[in-house]
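**Student:** Can you build the whole structure from these sequences, using the hints too?
Quick note on my numbering: the sequence shown kicks off at 174 and runs consecutively.
Just to be clear, a hint being listed does not mean it is correct.
As the list claims (entries may be wrong) - The calculated lysine-lysine pairs, modelled on BS3-like cross-linking and capped at a C-alpha distance of 30 Å, are:
1. Lys330 with Lys391
2. Lys247 with Lys289
3. Lys200 with Lys247
4. Lys265 with Lys234
These aren't lab readings, by the way, just hints derived from the structure by calculation. Every value quoted in this text rests on a predicted model; they were computed, and no experiment measured them.
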Amino acid sequence: MTELIYKEKIFPNNSANSYLRDKKYNKVSTCPYCGFTVDAIQESLQLFNITDGKIMDITYKCTSCDKIFHVCYKKLNKEERFEPFSIFPSFKGRNFSEHITGVSSRFVKLYNQAYKAEYDGNYELAGCGYRNALEILIKDYAIKVLEESPEEVVKCKLYNAIKLYLPDVDMGKCADVVRILGNDNTHYERDYENIDFQVLKQYLNIFIDMIDVKIKIKNPPVSR
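**Tutor:** This is the structure:
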């Protein structure tokens with residue numbers, strides 16, 4: 174399955190359910206069947222009361238493959254918008270290139286554990302997990318691609334690893350965004366709670382693409 178894409182939507186004034194009028198929700202805009210990013214058609218909607226908020230179940234029809242899928246959203250009374258927490262069909266992890274997998278199979282495992290947490294709506298756990306996955310990828314890259322000393326790499330903190338093993342300024346900047354926002358999810362008081370979770374994901378994906386390119390350049394299929 175490709176990356177899940179979320180788009181903030183607002184229920185229209187003419188919504189059939191008066192409670193939903195002008196309410197915000199993060200619409201899942203990736204079909205779990207075909208993986209295409211679509212503005213799926215809403216087929217049906219049910220709203221349920223829970224002790225401290227609302228549960229919303231929406232049935233969608235993909236505009237690409239025409240298949241039906243379901244998304245459950247939850248909104249606590251104190252929260253501003255509905256967030257997805259369950260999607261059917263069930264979660265499938267992200268596939269990575271053979272270059273990334275070959276360098277760091279553990280990164281792939283940790284990334285998909287964090288991705289599952291995100292898929293379930295557990296964004297703070299996902300943020301911590303993506304930060305952990307980043308560290309594993311950087312250190313495996315340093316050891317297996319840059320051929321740095323494993324003993325030195327292992328004991329290096331992530332902040333220093335980024336500085337030492339990622340001399341490319343753009344790579345370092347992307348890694349720092351993930352590090353800082355990921356670390357923020359581990360703190361009792363958060364400094365960057367106003368920054369949308371998807372910002373972390375965007376910079377992590379940019380970084381992964383950069384690492385992938387570096388590995389390919391380091392290991393060309395042919396040479397002089």
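**Student:** For a C-alpha distance cap of 30 Å, please report whether Lys200 and Lys247 respect it.
**Tutor:** The hint holds at about 12 Å.
**Student:** Lys265 and Lys234: Cα distance at most 30 Å?
**Tutor:** 19 Å, holds
**Student:** Given the hinted pair Lys330 and Lys391, is their alpha-carbon gap at most 30 Å?
**Tutor:** 25 Å, holds
**Student:** Check whether the Cα positions of Lys247 and Lys289 lie no farther apart than 30 Å.
**Tutor:** The given pair, whose Cα atoms are some 17 Å apart, holds under the 30 Å limit.
Every hint from the earlier list agrees with this structure, and none is contradicted.
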